[in-house]
Amino acid sequence: MRAMSRAWLPGRDKKAVRHAGHPGALHPTSHRPQPSALVLGGGIAGIAAAVGLAERGVKVTLVEREEQLGGRVRSWPVDHATADGAPVTMSRGFHAFFRQYYNLRSLLRRVDPALEGLTPVDDYPLVLAGGHRDSFAGVPRTPPLNMAAFVAQSPSFTAGDLKNIDKVAVWELLDVDFPATFSAHDGESAAAFLDRLGFPDDARHLALEVFARSFFAAPDEFSAGELVGMFHSYFLGSSEGLLFDVPVDDYDTVFWAPLGRYLEQLGVEVRTGESVQSLDLEGERVEVTTDAGTLLADTVVLATDLRTTRRLVETTRGSLDDPEWRGRIAETQDAPPFAVWRLWLDRRVDAERPAFLGTSGYGPMDNITVLERFEAGARRWSDAHDASVVEVHAYALQPEDGDEEQVRRTLRAELARVYPETADAQVVADEWILSDDCPLVGTSPWLRRPEVATPHPRLVLAGDGIRCDYPVALMERAATTGLLAANQLLAGWGLAGHDLWTVPMSTRQPALLRAKPLLDRVSR
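Residues in the sequence shown are numbered consecutively from 62, following this note's numbering.
Hints are computed from structural coordinates only; laboratory data are not their basis. Misleading hints may appear alongside valid ones.
Unchecked claim - What follows is a list of derived Cβ distance ranges for each label pair:
(1) 224 - 140: 54 to 60 Å
(2) 495 - 383: 32 to 38 Å
(3) 478 - 385: 48 to 54 Å
(4) 491 - 376: 36 to 42 Å
(5) 375 - 262: 41 to 47 Å
Just so you know, even glycine gets a beta-carbon here, dropped at the ideal spot from N, CA and C.
Taking the hints into account, I'd like the entire structure generated from these sequences.
Structural data, given as C-alpha cells:
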C-alpha cells in the first residue's frame, strides 16, 4: 500500500506557518451586485491585491503611473543603450527572491506554477575591504546547525570573539516572538543593537550590516526590531536556507507582463502610464481622479510609494478626519537616496566572478552584479559583444558621499578596486538611476507605523512600508500586505480570504533551547 503523502507546504520547511484566510463564498452571489475596487499602484503589493480581489470575482481597476507593472522591481527597454541598437533593458537593480518568500512565490506561481522563471544563485559572497571574504555556500539550511556551521567556517568569528558577545543581547536575537519582538526594540537602531551585542567588527559588517543596508538605510537609522526579524526569517527561524533565486531574464518578461495578462484574463482593467491626482471618500462610492479622467468604485487599495500615500491622504476628501491616524501617515519617512549604475563594458570580467558580490568598506558601493550570469537578455548582448554587463549599487547615500558626479567617480574606482580587470575597460553604454522613494524602516515605535486597515472601511493600505504582524520584509512584505489588503475587503463582502504562509512566528523550539547551554559555555 502506498504511503500517504505529507500535507502540502510552500517550501522545504516543515515548520512553515499557515495563516488561514477567513471563510466565505468563492464568488459573489447572484442576488447582490458585484463589488468593485480600485487598486492604486502596480507594484508587487498592488498586483497581489488585484489578484486576490479578482480571483474572488471582484471588479478591479488597477492604475499604475509607469508603463510597466512591477513598481520598484519593474524593468523597461532602453534601446539607445548600445551603439548597435540591440534591445536591452534596465531596472532599479538586483533583487533576491529568497525561498522564504512564500506569498510572493505564490503570486508568481499564478503564471509560472513550477517557478521555472527563477534560477538559483549558488553563493553570494561578502567581501570586506582590507579584510576577508565570507561565503554562504555549504552552510546547512536547518537551524541551529546553520548558525554553528557558519560560525565554524567564517573568518569573521573566532573563539575569542564569541566569548566577548553579550549573552543577554544575543538571546534577544535568538529568542523571538512576533509581532511583540518588533515593539521590544522600539527606539533602538540596528547600529545600537550591534554595539550592545558586542559582535566583532568584521562579523558586524559582513553578517549583519549588509542586511540593514538592503533596506536602503544606514544602520544608525534602521530599526533593530527589523534587523532581529530579518535574522530570524533568513537564518534562525527558517530551514529554507540563506541562498536565493533570481529571474532568468528581466523582471517584466519573466513575471510582471505575464501577471498583467493574467489580471486581464480575470477581467481586471489594467491602466498603465496613468497618474493618480486625488482621492475622494466623501460620496457613496470612492472617486479617484487621474490625469486621464475619473474612476469610481466601492473600495480602494492604496498601494503607492509612501510619498504618494502621504500626499493622497493629506488631500483626501471624506471621513478620514482621524487626526491620530493622519499623524501616523505623515510621520512615515523615505529612506536616503540610492544609486544603481548599469555598465555595458567592452570586455568580459573574469570568469570566476560571482553573479552577485556583497561589499563592505568600499566607499558607498554595496554590491556588484554580473548580469549575464543569469539574465538572458544581458547574456545575449554579452555573447554578441564578448563583453560584460555589470551593475553596481550604492544604498543609503549620505552627504559625505558627495554629489552625483562624485558618487559616480567613486563607484567606478571601487569597481576597479574589487574587479581590477575593469579598470581599463571602456563603457560602451550606461544607465544611471538616483532615487529616494523607498520607505525608511526606522526606529520609531512599531505600533505607530500605519497598518493595512484604516479608519475608513472602504480604504486599505499595502506596500513594503506598511506594518505587518508577520516576520516578512522587502518584496515579501509587499506581497503579503497586498493579499492582506485584499482579505480585509473580501471579508466585508462575505467572500473567502486567501491563505498566507510565513516562517515560524517564534523561536524554533526545542532545538534552540538545546543550543543555549552551548552558547553559555563559549561565552564564559
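Look at the Cβ atoms of residue 375 and residue 262 and judge whether their distance stays inside 41 to 47 Å.
-> With Cβ atoms ~43 Å apart, the hint holds.
Quick one: are residue 491 and residue 376 within 36 to 42 Å, going by C-beta?
-> 38 Å, holds
Assessment of proposed distance window 32 to 38 Å (beta carbons of residue 495, residue 383) | Given about 36 Å between the Cβ atoms, the range holds.
Take the C-beta atom of residue 478 and the C-beta atom of residue 385, compute their distance, and say whether it sits inside 48 to 54 Å.
-> 50 Å, holds
Indicate whether the distance between the beta carbons of residue 224 and residue 140 respects the range 54 to 60 Å.
-> 58 Å, holds
Hint violations for this structure: none, all hints satisfied.
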